[in-house]
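Visitor: Spelled out, the chains give:
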Amino acid sequence: MNFDKLPLDSRLIDVPPPEESGYPDELAKYDDESSIREAFGAADRDFPDALDIPESEMRERAAYNDEHDLWAGSYIDRYTNQSPTHECTSHALRCVAEACWNRQRRISLGGPEKGKRLEISANSASVWFSCLSIYCEANPREWGGANVQQVCRIACDRGFLPDIVQPKDYGFKHTMAGTRGKGGINQSGDNNGGPYPWPGWYRDDFRDHPDHWEDDDWRETAKHFKPLECVYPRDSHQYRCLLLHGYAIGIGRSGHSVPIIGMKWDGRRWIYPYYDSYDRLLYDSSAYYSGAYSILTMTQPDDWDKPAGQASPGA
Amino acid sequence: MKALLLLFALATPTLGQIIVPEENAEHTIIPIKFVPNIPEGATIRGTGWTIPLKVSTYKVADGFVAVAPPGEYTVKYEARWIHLEPFTFIDGNGKEITITQYLGDGEVKEEAIFKVVGRQPTPDDPVPDPNEKVSRATYFYEKDEGGVPPGVAVALNEINSENNGIVATEFEDDNTDGDNEVPDQYRVGLEAARQNGFPCLVVQAGNKVIKVVSAPTKISQVMEAIR
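If you read the protein sequences in the order shown, they are chains A and B. Taking numbering that gives the first Met the number 0, the leading residue of the first sequence gets 0, the next gets one more, and so forth. Taking numbering that gives the first Met the number 0, the leading residue of the second sequence gets 0, the next gets one more, and so forth.
Hints were generated in silico from the structure; no laboratory data involved. Idealized CB from N, CA, C, for every residue including glycine. Watch out, some of these pointers could steer you wrong.
Said to hold, decoys possible - Which chain B residues stay away from chain A? Per the calculated CB distances, all over 10 Å, these:
1) PRO20
2) PRO69
3) THR99
4) GLY117
5) VAL153
6) ASN174
7) PRO215
To be verified - To give an idea of the chain B side of the interface with chain A (calculated C-beta under 10 Å), a few residues:
8) GLU141
9) THR168
10) GLU171
To be verified - BS3-like cross-link-like pairs, simulated, lysine-lysine; straight-line CA separation at most 30 Å:
11) A/LYS263 with B/LYS58
12) A/LYS167 with B/LYS132
13) B/LYS210 with A/LYS305
14) B/LYS32 with A/LYS305
15) A/LYS4 with B/LYS210
16) A/LYS4 with B/LYS32
17) A/LYS4 with B/LYS217
Please put together the full structure from these sequences, using the hints given.
Guide: Following this line, the structure appears as structure tokens:
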């Protein structure tokens, strides 16, 4: 992604979600540094001082990232579409996690194109995570949304299940619908294989296990897709440092949660692009958030072609 | 309706020149600078670069960096280009019409000769083990001491995009697999990295460590290590 070369349309800056997306004030008010860091659990880390980049060097570093495809956004190969659900925090989280997964593999995917399956996806180690696998635990009632700390806690504790739709056949034993919303060519949902039933959550387990699972031990699959080290950016300077190092940042603000995946200098200030969970690229005009996190490292597999361990027989 | 609109009668002259040091020491990185004078958006046809087989190259923004054994080499760039652009206007009847406008064309033919000076190989020199084909390059680091240097990140991306059987990745000291253990694929490399000290690039052929480069920061250091 070369954000410097992308023409900037002011109509794409500070755009509210088209509908209630799932980060209402009554949940957002609980998101602060201490609660989010507590939610990271064993994955909680201080911002590493060694990642500091002086403000005076940021434009030069951003230009280098633009030229060489080093932004977090370059390690993402799909949009997701949550409409009309309240799953926004889970969609933002999957983007931050997928950017980390693909960055660790160091295969630049070039950024998503709406309605398109990128050829490189099947030739990389890209794994698509199920937003629903996180959200239905965060809010078993389905409607009403979830806050940042809830989804982070779940991901750090037990990991994501993979989406039913994947860029190639990894032979996963346990997958889950990507969303109860629209989805798309790269996400299972109403527009791709759905509508899928609500899996629910009851007594520390999905209430209804999908019929296609090989067994009920889904945690054995999810444990392979877990954030290991997370950071809460304490201010806009740390926020920019993380982005310049190629980390995505999930944020909750103004009723919606989104993954920030780069920076663009508009001639007088930084603006912050994100892949919105409505199939589009939008921008924030400031580093404002009520809840935020970045995933520095995730689990890595023994073999990139078998990301959840040994593939199923015949897969 | 589409028509060809002739805007320029003559091809634009080409000013770009291949710039390369005439004489280079063995084992040095040779910059081959060349930005063809072709307008952005033009369609390019032709041979492009002709580079001798013995010269290994890595593309950078303004040309290549290269390494080669002792000898004299000629590198060439040949291409033709044409620059067309759609142009839309409203005619007298209010109808929208798009035509293809011709903005120019041209031919680029450049070559340069350079030498690598050094001892010529002899039959007594050791023969490289064909089984020692590089299969893995991993940058091991501890984030509290610094992130992945941008030059290293670019090189790892580039190696993977070449799709030549080398798995180029990064590994942070705290990384584990889903069972909270060091992933199998990193065991050998991580041991070598810990012996060397972080950060470093470990180059492997299968389970054999071929090379460890301490604290690389530049694209060329990584590319040289895997060649």
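Visitor: It remains to establish, for every hint, whether it holds in the given structure.
Guide: Hints versus structure:
1. PRO20: holds (24 Å)
2. PRO69: holds (32 Å)
3. THR99: The claim holds: B/THR99 sits with its nearest Cβ about 23 Å from chain A, beyond 10 Å.
4. GLY117: Non-interface label stands for B/GLY117: nearest chain A Cβ at 32 Å, farther than 10 Å.
5. VAL153: Non-interface label on B/VAL153 violated, nearest chain A Cβ at 5 Å vs cutoff 10 Å.
6. ASN174: Answer for B/ASN174: violated, closest chain A Cβ roughly 5 Å.
7. PRO215: Fine: 14 Å to the nearest Cβ keeps B/PRO215 off the interface.
8. GLU141: With a minimum Cβ separation of about 9 Å from chain A (threshold 10 Å), the hint on B/GLU141 holds.
9. THR168: holds (5 Å)
10. GLU171: holds (5 Å)
11. A/LYS263 with B/LYS58: Holds, at about 25 Å.
12. A/LYS167 with B/LYS132: holds (27 Å)
13. B/LYS210 with A/LYS305: With Cα atoms ~27 Å apart, B/LYS210 and A/LYS305 stay inside 30 Å; holds.
14. B/LYS32 with A/LYS305: violated (42 Å)
15. A/LYS4 with B/LYS210: Roughly 38 Å between the alpha carbons, so the hint for A/LYS4 and B/LYS210 is violated.
16. A/LYS4 with B/LYS32: holds (23 Å)
17. A/LYS4 with B/LYS217: holds (25 Å)
Hint check: violations occur at hints 5, 6, 14, 15; the rest are consistent with the structure.
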